[in-house]
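Enquirer: Each chain, written out:
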Amino acid sequence: MQTSDKNISALRALLDNIKKAPVHFLHAVFRHDWPNTDRTRSQAVFSNFFLHIHSTRIHERSLRFWSTCGLGVASLCTFIILVATGILLMVYYNPSTELAYSSIKNIHFVVPTGKFIRNIHRWAAHLMVIFVLLHMVRVFYTNSYKNNREFNWLIGLALLVLTLGLSFTGYLLPWDQLAYWAITIGANIAQSPRELTDALGITQMLDIGGLQKQILLGADTVGQEALTRFYLLHVMVLPLAMSLLIGLHLWHVRKDGGLARPSEETEEKPARLLTGQEVAFRPVATKTYGLMALVKGKTPVVDKGTENTVSTWPNAFYAEMAVFMVICSICVVLSLWMDAPLKELANPVKPENPAKAPWYFLGLQELVSYSAFMGGIGIPTLVLLGLAMLPFLDRNPEQQGLWLAGKSHKAVMLQSIFLGAAIVVSLLAFTIRFGWMRDWFPGINQIVITFINPGTLLIALLMAWSLWISYRHNSIRIGAIAMFSCLVIAFLILTYFATVHRGPNWEFYWRMSEWPTH
Amino acid sequence: MNDLTRKPQPIGRRDFLGQIATCACATALGLATVGMARLPFPAVIPGESSKVKIGHPADFPKGESFWIASARSFVFHDHEGFFAISGICTHLGCIVAQNSKGFHCPCHGSAFGLLGEVKKGPAPSALPWLEISLASDGQLIIDTQKFIPAGTRLKV
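The listed protein sequences derive, respectively, from chains A and B.
First residue of the first sequence? That's 1 in my numbering, and the numbers climb one at a time after it.
First residue of the second sequence? That's 1001 in my numbering, and the numbers climb one at a time after it.
Isolated chain B, as found in the complex (with noise of 0.2 Å):
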């Protein structure tokens, strides 16, 4: 008999299986919440291509700059190559406009030196350069995503 007879336990197993059954519960709704809170976030990023074809070289004549509107960078052409700078303010997003000691941002004052440093205001960085290249068929490409370090240049 004493084998049948059972010890107390500390929760009954009604009880155990009850609270069992309630996580269960939970950690599948919360999962499923989890998961549903994915979509919102997107895969593709939609949009045009960051890729912006700007014209042949011989467009840009040497010492001058030039906004590109499609691309909402500025593009240079000086005695070293080509190189673009990114027209987006790094404060909040505003567009930059260009002035004789670089750039300034109408939204909240920040200014910017003639390769993009930061000089004054809110701006946390320095304008990015953007990469630029030549496609096949001769004209540059800018890409408006691809970050490079201030002074590489393109040589043609």
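Isolated chain A (complex conformation) (with noise of 0.2 Å):
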């Protein structure tokens, strides 16, 4: 008897288990109860490999809007979209030279959706541009590139050479016009620094340019190695070293102690203690809650965590989950507002006229009409390299967190606004009036051009301005806020004098309807 209750029990429990299952899987899967209280809400964010990446609890002011814009979010935001809508199209694109451009008409004129899907691919990729530019002036604004965050800063600008460089890849897929002359333009400006080493007599040794060049193109014009080499950069190459650097950036913003935030208003001198160690009081932390916050019950403050923290979940989730939806609108309905363009096949002996790179690469194209060399790779790499030494050079640690708080920094940023305005526009001005050397000098040497021209010009001018504004306010910040906005403003101007006044030849025109027609 005794036997067959026991086999009657382990039925028993064998049923109890098949109903308790899905209960025991999801308890497996995620290992703590539904996150309602403090300590559930932390489980939740820490023992979940994809959201451990924050911190279980956030400072109150991080969540704000005006705090981030939610701009580095919406950068992230816009890769994903990339990357789920690049699979989708590399299920039907074919990269060789006689089928890509045939590929792309058939996912835009046939496949299910595929125009919708190209279409919020390249959107996507255009927000992403803007985003991260976006970022980096709301970073720099706020002053949030220092104290333990330099490192992060320039990861910052490798994830933006990046972004740029996926755009550029992904510019010559279709294979269409547009994308053939934009990219002959783009490996010649990795070629020029021959420019400089022809003046010097030297490309027989030092060919640098042709070598870039050769490693881009694998030929001396864009043909099937270089649609293979920009198609395995665009898929895989960059995406890979991108998701690897995004990671690393996010785990920094969290190692580096959260968004940068002022310190509080009513922090107190550092004491020296008997040890002669200083240590900072700040009124907050007089008591030190450690774990008690995560215990199961109440917190030791209702409804307040440590020094103005909420927790994670569901607050900035909330957050994160609100900018994601608002990302994906705005491509869904740029998307049926307006269709990828699609020129004719590409054509080797018949450039586009005028053939004009991505908008973001028109300011650049500006200054390479003046000297390929100088606006291609010399400005490009000067502008980076400052931007790479800013969190080095200025490294006062006042006012982190807010936007232009100091002492007359928003008043130098205006007028330095004013001053790189006026200085681009009158320069682009005169060169058009006047045009530039080799009209007043025919036979002058190009090295003279190269290193004197309405683009080195502009930049000579700006350091000079900055330096002056450095001195006269003895603050290594405000110089750098100088600086940064004169080089914002030159950019958006001269992006978009070469949208909009570049015509046919690169000659000036007031509107679009000016241009002769062929």
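Since the hints were derived computationally from the structure, they do not count as laboratory data.
For clarity, every value in this text was computed on a predicted model and none was experimentally measured.
One thing to keep in mind: the hints can contain errors.
Derived pair list, reagent style DSSO-like, types lysine-lysine, alpha-carbon separation capped at 30 Å [what the hints assert, rightly or not]: (1) Lys1119/B - Lys1101/B; (2) Lys343/A - Lys1062/B; (3) Lys356/A - Lys1062/B; (4) Lys350/A - Lys1120/B; (5) Lys1146/B - Lys1101/B; (6) Lys350/A - Lys1119/B; (7) Lys1007/B - Lys350/A; (8) Lys105/A - Lys350/A; (9) Lys350/A - Lys1051/B; (10) Lys356/A - Lys105/A; (11) Lys1062/B - Lys350/A; (12) Lys356/A - Lys1053/B; (13) Lys350/A - Lys1146/B; (14) Lys1119/B - Lys356/A; (15) Lys1051/B - Lys1101/B.
Both chains are sitting in their own frames, so use the hints and assemble them into the complex.
Expert: Spelled out as structure tokens, the structure:
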């Protein structure tokens, strides 16, 4: 009798386990209860591989809209959208010079939702460039690149370069006229150090330009090898590097102490202990709550975490989800409004006229029209180096996490924007009206034009201005604000100018309707 | 006993060997990376032959110029002979168009004279003259890779 009772209870237990299997399965996956207490909310974050890049609690200030404007998360969202739509496009895209163009046509006209997915991919790419640039602008003006965040600023710069690289490599893939000639120009910009080495007569010994073009195109002209390489870079190398660096970037945000925020106003001066050690006392930290906040039950202060923090679940996730949904909506609306362009099939003997790069490179293309090397390589390298040096030149840790909070920061920004705009516009107007040195001194040595042209002059003037501001206000940070503001406005004006006012033969036109018809 | 006691060394034997091993690994990996970086540089430049047959001299009447799309260059026949000028802009590789004053580039507005010399714009150097020769079957051949001094003409 006992044996059969036991047997029956085993069967009951089996039945019971079958009933409870879904609950046990969920617990095996998530390993904590529903996140409705501070303890389980923290567990939801730190016991989840995908979420544990967040801290379990987040400073209340970091969640305010104007702290970040959601720009970093927005950049990440566009990247996620690009990966998803990119994989879908790869289903039909064929990276051969003979089939690339028709496979894009196929995606556009035949593949179900193909046109829509391609439009989203194209718009998300544009948005990503915008958000990454704006994110950098936010980090700069909120003074958030210092105090252990120097390296993360550098990773951010690398991510900017990768973003532009991904855009540039993606531009060739449709193999239409626009793509072909933009990449021809891009590859020749890579070759443009020859402008310098030729002038110095050392190209035979040291042909950096030739090597750069060769590794990019794998040939002398844009052809199958170039398409293969750009495809490899676009779908494999750069996205992998991007994913890795995004992970590193986010990890650093957390390890560097979360988003930059001002040290509390009420902070007292560091006190010297008997041991000779200096410690700072902050009013909020007089009690150490430690792990108590995580322990089941009531927190020491009801509804208020330690040091003005709130639990990440769900507060930060709501904010991130909101940004993601807004970005998705923008992409969808833009994709319904305007289709991604596809010009006629690439023709290696007839350039597009005007052959324009994507908008974010058009400012550079204007500079390239003065000197290929300086506009395409010299000045961009200088700007990137300057940005990379920034956190090491400006080390004053004051007023982090606040927009232009220091004395006369806003005034200098406005002055610099106006002055920068005035300098750019006058240089452009002068160059269009009077030309440049070759028009005045035919047969002038190329090296003179390489080093003295409207582009280099612009950079020199902006540097002089910011050095002077730095001296006048006796502050490196204010000098940096002057330089950065000038660069931002110069970038905007040059981009606008090359987009709207440059027509066939790169000549000046007030509006597109004045372009000569062929 | 004295020769058995060791002098204190600046670095321990194990530490030394460990550091040597680390250096050896770093060198090996570094050299391997350099070796791998060699791969993307092509040993043979792919693409069509740089030598393009363009037709018999009789096809090019004296005093005229011709656009040869396959060689991406212009061929001229004047009273001194034949010569070919590359149609690829020395600025950023666009194809130049011919006009009465010479050539102009649609991409960034460079202008070249009748013999390819730079007149205007960002082009750093003149349009190169290409080697033109006579093949055994009597046709003219342009070598788009061989640049020759400006003014060199082929007499047929």
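Enquirer: With reference to the structure, classify each hint as holding or not holding.
Expert: Comparing the hints with the structure gives:
no., hint, verdict
1, Lys1119/B - Lys1101/B, "holds (10 Å)"
2, Lys343/A - Lys1062/B, "violated (39 Å)"
3, Lys356/A - Lys1062/B, "violated (38 Å)"
4, Lys350/A - Lys1120/B, "holds (21 Å)"
5, Lys1146/B - Lys1101/B, "holds (25 Å)"
6, Lys350/A - Lys1119/B, "holds (22 Å)"
7, Lys1007/B - Lys350/A, "violated (79 Å)"
8, Lys105/A - Lys350/A, "holds (21 Å)"
9, Lys350/A - Lys1051/B, "holds (21 Å)"
10, Lys356/A - Lys105/A, "holds (22 Å)"
11, Lys1062/B - Lys350/A, "holds (26 Å)"
12, Lys356/A - Lys1053/B, "violated (33 Å)"
13, Lys350/A - Lys1146/B, "holds (23 Å)"
14, Lys1119/B - Lys356/A, "holds (23 Å)"
15, Lys1051/B - Lys1101/B, "holds (28 Å)"
Checked against the numbered hints listed earlier, the structure breaks hints 2, 3, 7, 12; every other hint is satisfied.
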